[in-house]
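**Q** Sequence:
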Amino acid sequence: MKINNRPFRVLVVDDEPDYREVLELMLKEAGCQIETAASAFEALDKLRKRSFDLVLTDLMMAGMDGIELLEKIRHEHGALKVIIITGYGTIENAVAAMKKGAYSYFIKGNDPDELIKEINNIKGGDMEVQEHSDKTAAPNDFPSFVLSTNNDQFRKVMDIAKRAAQSNVNILILGESGVGKEIFAQYIHQCSSRSAESFVPVHCQAFAEGLLESELFGHEKGAFTGAIERRKGRFEAAIGGTLFLDEVGDIPLSTQVKLLRAIENRRIERLGSNESIPVDFRLISATHKDLTQEIFDGNFREDFFYRLSTITIDIPPLRSRKEDLPILIDFFMKKSQKEHNIIVTNIEPAVRRFLLYYDYPGNIRELKNIIERLVVLSRDGVIYYGDLPEIKSDPRDEGQGNIIHLREMRRKVEANYIEKVLGTCNHNISEAARVLGISRRQLFNKITDYGIK
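Residue numbers for the sequence shown follow my numbering, so the first one is 143 and each next one is one higher.
Hints in this document: simulated from the structure, not taken from any laboratory. Incorrect hints may have been included.
[Claimed, not checked] Below, computed lysine-lysine pairings styled on BS3-like, alpha-carbon distance capped at 27 angstroms:
#, residue 1, residue 2
1, Lys259, Lys241
2, Lys259, Lys298
3, Lys265, Lys214
4, Lys510, Lys476
5, Lys242, Lys265
6, Lys250, Lys214
7, Lys431, Lys480
8, Lys464, Lys477
9, Lys242, Lys191
10, Lys259, Lys363
11, Lys363, Lys242
12, Lys431, Lys554
13, Lys170, Lys510
14, Lys562, Lys431
15, Lys464, Lys400
16, Lys191, Lys214
17, Lys170, Lys188
18, Lys431, Lys477
19, Lys170, Lys259
20, Lys363, Lys431
21, Lys510, Lys259
22, Lys510, Lys298
23, Lys480, Lys464
24, Lys431, Lys250
25, Lys259, Lys477
26, Lys242, Lys400
27, Lys431, Lys510
Kindly generate the complete structure, drawing on both the sequences and the hints.
**A** Next comes the structure, spelled out in structure tokens:
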């Protein structure tokens, strides 16, 4: 990750040594040049001695917090970009920091790839001459492990995606969390005539309501408090290429109206400007939510849904394509060994049984995390059953095919009980919700999530 043939310099500020070290390792792996500071005071001292491209600072720190540090950086170093690191409980304060001039914020515990993509977006330039860094990998580098399949249903989905890619229609990808919706979107982009241009992902769920529009449409200098420079949005970054709206089901109604207009007219206006800008892009959207139910609940516009879903692709969960598990397990085993410089020579038979029979409610993402854990915790080249996640059955049990995560067991029990109550109430939703002590909307969501007929 370089700017003008020099490394992209990041100053990481956090008073927790462990998290500071994690960020340092992660960003170094992404190609950044990293320096760290254990306090805001140390950070300011380093900033006076050397130039940086980005400051990544924790919000809650002793002595001087992240917002105070941000204000001093704004005063002393002008346009230097700052990303605030925050916990779920302090998102409101992070939004306040955005209004004071922070570039964006990242929530501790979220997928680190979100932070890397945000940094890539900054690295892309000052938004006037923007070379977007999220280009899809070349075909030989494409993550074929997700796309290789022995499953007939998945083959049909792949065929639909490949044929749809040849046109310019809007595509909506559906599927549970962790099935690889973004990778599928990249595959469609790679199969299209736009493959040489940018693939621009936007994780709609990651942005607070007031920030998503600025992210998508861009803004002019002075458009709102903290807008210290003109910034092009993701629509403009995707010109000639593909715009991918992930978790589109979480977009607020007020923003849906503006997006609908932009998608229909292929023109946008930056915040704080009346200039109409033509944008040529291919739109792919994705969500794990049941948008039909969201429309029924008043959370999603019907006209917006139909505009997004000229073609709908529903990716099957991993538990529906278990014949692909040997391919995926082998891939992640090799990948994790290479990434962590660990050689695995043996795997206990009970571990193999677990990996092949577990239902993976978290889908491919959960499989990847479990295998990475096993490789990292291996001893003398051996992966032991005792290092699997805590919730598991005894390997001596006969019913190995019934091994499931405790979370999945709770889902099954709850789903069975809801079905029983619905039957007792003659499938009267309002009455069943009253008996269960939850709202009608909550019951609808559970019926959707659990696939209850």
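**Q** Broken hints, numbered, in rising order?
**A** 2, 7, 15, 18, 20
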